[in-house]
Amino acid sequence: MSTPDLLYSEAEDDLRAAVRSLLTDRCPPATVLLEAESGRAHDIALWGALGAEMGTAGLMVPDKLGGQGATAREAAVVMEELGRAVAPVPYLTSAVLAAGTLLGCDTDQEPVARLLGALAEGRTVGALAVPLSTTAGAPGPPTATVRADGDGTLSGQVSGVAGAAGADVLLVPATGADGYGLYAVETAEASVTVEPLTSLDLTRPLAAVTLTGAPARRLAGPDRAAAAIGRALLTGAGLLASEQLGVAEWCLTETVRHTKERHQFGRPVGSFQALKHRMAALWLELVSARATARYAADALATDSPDTPVAVAVAQAHCAEVAVRAAEECVQLHGGIGMTWEHPAHLYLKRAKSDEIALGTPGRHRQALAGLVDLAAPTG
Amino acid sequence: MSAAGQHPAVDADELRRRVRDLLDAHPPATTAPLDFLRARFDAGLAWVHYPAGLGGLDAPRSLQAVVDAELAAAGAPDNDPRRIGIGLGMAAPTILGFGTDEQRRRLLRPLWTGEEVWCQLFSEPGAGSDLAALATRAVRDGDDWVVDGQKVWTSSAHIARWAILIARTDPDQPKHRGISYFICDMTDPGVEVRPLRQITGEAEFNEVFLTGVRIPDSRRLGEIGEGWRVAQTTLMNERVAIGGGRVPREGGMIGLVADTWRERPELRTHDLHQRLLRLWMESEAARLAGERLRQQLAVGQPGPEGSAMKLAFARLNQHISALEVELLGEEGLGYDDWTLRRPELVDFTGREAGYRYLRAKGNSIEGGTSEVLLNIIAERVLGLPPEPRTDKDVPWKDLPR
Numbered sequence: 001m002s003t004p005d006l007l008y009s010e011a012e013d014d015l016r017a018a019v020r021s022l023l024t025d026r027c028p029p030a031t032v033l034l035e036a037e038s039g040r041a042h043d044i045a046l047w048g049a050l051g052a053e054m055g056t057a058g059l060m061v062p063d064k065l066g067g068q069g070a071t072a073r074e075a076a077v078v079m080e081e082l083g084r085a086v087a088p089v090p091y092l093t094s095a096v097l098a099a100g101t102l103l104g105c106d107t108d109q110e111p112v113a114r115l116l117g118a119l120a121e122g123r124t125v126g127a128l129a130v131p132l133s134t135t136a137g138a139p140g141p142p143t144a145t146v147r148a149d150g151d152g153t154l155s156g157q158v159s160g161v162a163g164a165a166g167a168d169v170l171l172v173p174a175t176g177a178d179g180y181g182l183y184a185v186e187t188a189e190a191s192v193t194v195e196p197l198t199s200l201d202l203t204r205p206l207a208a209v210t211l212t213g214a215p216a217r218r219l220a221g222p223d224r225a226a227a228a229i230g231r232a233l234l235t236g237a238g239l240l241a242s243e244q245l246g247v248a249e250w251c252l253t254e255t256v257r258h259t260k261e262r263h264q265f266g267r268p269v270g271s272f273q274a275l276k277h278r279m280a281a282l283w284l285e286l287v288s289a290r291a292t293a294r295y296a297a298d299a300l301a302t303d304s305p306d307t308p309v310a311v312a313v314a315q316a317h318c319a320e321v322a323v324r325a326a327e328e329c330v331q332l333h334g335g336i337g338m339t340w341e342h343p344a345h346l347y348l349k350r351a352k353s354d355e356i357a358l359g360t361p362g363r364h365r366q367a368l369a370g371l372v373d374l375a376a377p378t379g
Numbered sequence: 001m002s003a004a005g006q007h008p009a010v011d012a013d014e015l016r017r018r019v020r021d022l023l024d025a026h027p028p029a030t031t032a033p034l035d036f037l038r039a040r041f042d043a044g045l046a047w048v049h050y051p052a053g054l055g056g057l058d059a060p061r062s063l064q065a066v067v068d069a070e071l072a073a074a075g076a077p078d079n080d081p082r083r084i085g086i087g088l089g090m091a092a093p094t095i096l097g098f099g100t101d102e103q104r105r106r107l108l109r110p111l112w113t114g115e116e117v118w119c120q121l122f123s124e125p126g127a128g129s130d131l132a133a134l135a136t137r138a139v140r141d142g143d144d145w146v147v148d149g150q151k152v153w154t155s156s157a158h159i160a161r162w163a164i165l166i167a168r169t170d171p172d173q174p175k176h177r178g179i180s181y182f183i184c185d186m187t188d189p190g191v192e193v194r195p196l197r198q199i200t201g202e203a204e205f206n207e208v209f210l211t212g213v214r215i216p217d218s219r220r221l222g223e224i225g226e227g228w229r230v231a232q233t234t235l236m237n238e239r240v241a242i243g244g245g246r247v248p249r250e251g252g253m254i255g256l257v258a259d260t261w262r263e264r265p266e267l268r269t270h271d272l273h274q275r276l277l278r279l280w281m282e283s284e285a286a287r288l289a290g291e292r293l294r295q296q297l298a299v300g301q302p303g304p305e306g307s308a309m310k311l312a313f314a315r316l317n318q319h320i321s322a323l324e325v326e327l328l329g330e331e332g333l334g335y336d337d338w339t340l341r342r343p344e345l346v347d348f349t350g351r352e353a354g355y356r357y358l359r360a361k362g363n364s365i366e367g368g369t370s371e372v373l374l375n376i377i378a379e380r381v382l383g384l385p386p387e388p389r390t391d392k393d394v395p396w397k398d399l400p401r
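Going down the list, the protein sequences come from chains A and B. When we follow the UniProt record's numbering, the leftmost residue of the first sequence carries the number 1, and every step to the right adds one. When we follow the UniProt record's numbering, the leftmost residue of the second sequence carries the number 1, and every step to the right adds one.
Just chain A, with the same shape it has in the complex:
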């Protein structure tokens, strides 16, 4: 196994600076809150600037298919910044999960290439119609809850789909006479219902998808669909670790800033050792979280055989670090941390949802047991 590169390249630093600058201008916490209360599925103007104009929607799509030809390493840097801003944009759901699934299909086929090109452009938004809680890295693809009928239509329901509301196209795993397959469905069809759910994470809302004889185009059959979905979920989980790192970084930075300024008992509260040790302990966790997230991104980018282990470690670790950072952020902000006006709750909700998204830490550790030969007791 070659030595993984755990640092950030100059190009990655430049990409980060561009994304951060855009998000600082267009996506401050007050705007995120307003957007979340608007009932819209995501910030359409922001996604236009970030996904289409800046080109992040097609970051991992090869040039010849209309994308930027970058790798998971660059995508991870974007995810860090999106986490730092709890940005309400469909990057994970459209640019990572949907585009990633299409990349695993036969891109020589015109319908696949055309849809991939449209997603890479950022004008069309896609979503992979599986529950967000689906465990990446689990053996086998998610079980299809949708039926493919012989007449080219789909029927059935998928619950808890992130990015479905606001998507133009759904990529739906379904089974029928031809076995397990991946199908594309336009959400504009009358036979497609996308019902938004009231979600814990206001910035990445879920929806229930109901198909009643919806016209569909088959993109992959049993030979490729399962592997394509599996790889996309693994990529999503690996990159989610970087989002969690960004969430945790914001929480620590804001907590340090607040406790330096907030005075109680005649001193800044940040000078009390009991609080300092908690913030220092969080910083320690961020150091190792960054190393695991970088390793997962590098493994995905280089298609390392160690990728499943790298993703399981990164996801199990970073999920818990992000939740702890957000919980500490609320607690160390005192009463302010409990208010709707202060953005801490947006980060707590994102962190807790991310912990469940694409597999809980416990499920990833369970996957790890199989990968590194640490079997559970029998009986």
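Hints in this document: simulated from the structure, not taken from any laboratory. Since this is a predicted model, take the numbers as computed values, not measurements. Accuracy of the hints is not assured; some may be wrong.
[Stated by the list, open to error] Label pairs and their computed distance ranges (CB to CB):
1. A:Gln-264 x B:Glu-263: 49 to 59 Å
2. B:Glu-263 x A:Asp-223: 34 to 44 Å
3. A:Gly-379 x B:Ala-298: 42 to 52 Å
4. B:Gly-201 x A:Ser-133: 44 to 54 Å
5. B:Pro-395 x A:Gly-362: 17 to 27 Å
6. B:Glu-263 x A:Gly-39: 54 to 64 Å
7. A:Ala-52 x B:Asp-11: 24 to 34 Å
8. B:Glu-326 x A:Thr-378: 16 to 26 Å
9. B:Arg-161 x A:Leu-371: 44 to 54 Å
10. A:Arg-114 x B:Glu-326: 52 to 62 Å
11. A:Pro-305 x B:Ala-65: 53 to 63 Å
Where a beta carbon is used, it is the ideal one built from N, C-alpha and C, also for glycine.
Please arrange chain B on chain A, whose structure you already have, making use of the hints.
Okay, now just chain B, sitting in the frame of chain A:
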């Protein structure tokens, strides 16, 4: 220290050429190891970033890896960094930074080859984390200083030829300002080393009693009263000393437990499985963080992550070794040997599970307690305000003790 730039720039190719010359002149197969090490030092290939004539070539520090790899590939003997770690990590950079030319020429070569072992006489029974509170006195008498006091937790003192020593030379000054820094000859009259038996049963550390020890003023490092500033160099280098070779997956304590888990299915329980998986994952995260730190150092971006690594390994070693004793069940009730021994090397993973469990308790105390390191991270990395201090400007003699 000779300034960089006085010598022509030495690059990796030049270093490889010099390594070949060394190997040609002193074939490892037919050269006594000590002779080879001396020749390597004289060729400037000991620590390449040191000045020429003192074991180095004024080359960039990152090129040391090139030399080490070439020599390892040729099967050349190496010095024993574990046995002489205090000399390499603490004494050498301080001597280089503050010593006279004569001191550097006399001391650095046998230090590096391992002919002379060093120890450090810093900690005292009343001054551990609050090191500047030390009470060992050095009183001027003609050209000498007369030293009286007691030091503790001194590893390698029983095999050491030399020690770096800090002692109080002016009790009327506030505690940080009345300290001076010396080189102590451990063979001098008045130096008494006693084994300090620890919870493991062995005496890896020592107590050192200094009674009327005469140290010539020529063995002082830095100005009188500037000892604290000199000691900062020593301590900073102690914390940078992490690094070295890359660690493979399961390379530390977790590998021992994982192997037992694989080999002894009858010991497995569900509770232990949950905890083992979590510790395995955290060990891998810490290993990757260490690897990332090494990569940062290699490109000249040293970060504050070194103290993070020490904290992480202390915590992990304690949790993993505790799990290991529990995993062994009935066997965990036994202990390999309580005989008093005086090992030359510190070995956290040596011996058996019970030893590892007890020895790991020291990991969060030695070289800076975890609590003090957390304070340092909070204040120097995160920029949090310091706790109010009452001892800073009070003369040492007036402090409560």
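Hints, one by one, checked against the model:
1. A:Gln-264 x B:Glu-263: 49 to 59 Å: Given range 49 to 59 Å: holds, Cβ gap about 55 Å.
2. B:Glu-263 x A:Asp-223: 34 to 44 Å: holds (41 Å)
3. A:Gly-379 x B:Ala-298: 42 to 52 Å: Holds - the Cβ-Cβ distance for A:Gly-379 and B:Ala-298, about 49 Å, lies within 42 to 52 Å.
4. B:Gly-201 x A:Ser-133: 44 to 54 Å: holds (51 Å)
5. B:Pro-395 x A:Gly-362: 17 to 27 Å: For B:Pro-395 and A:Gly-362 the Cβ distance comes to about 58 Å; the hint is violated.
6. B:Glu-263 x A:Gly-39: 54 to 64 Å: holds (58 Å)
7. A:Ala-52 x B:Asp-11: 24 to 34 Å: Violated, since A:Ala-52 and B:Asp-11 (Cβ atoms, about 47 Å apart) do not stay within the stated range.
8. B:Glu-326 x A:Thr-378: 16 to 26 Å: Given a distance of about 19 Å, which is inside 16 to 26 Å, the answer is holds.
9. B:Arg-161 x A:Leu-371: 44 to 54 Å: holds (50 Å)
10. A:Arg-114 x B:Glu-326: 52 to 62 Å: holds (59 Å)
11. A:Pro-305 x B:Ala-65: 53 to 63 Å: Given about 26 Å between the Cβ atoms, the range is violated.
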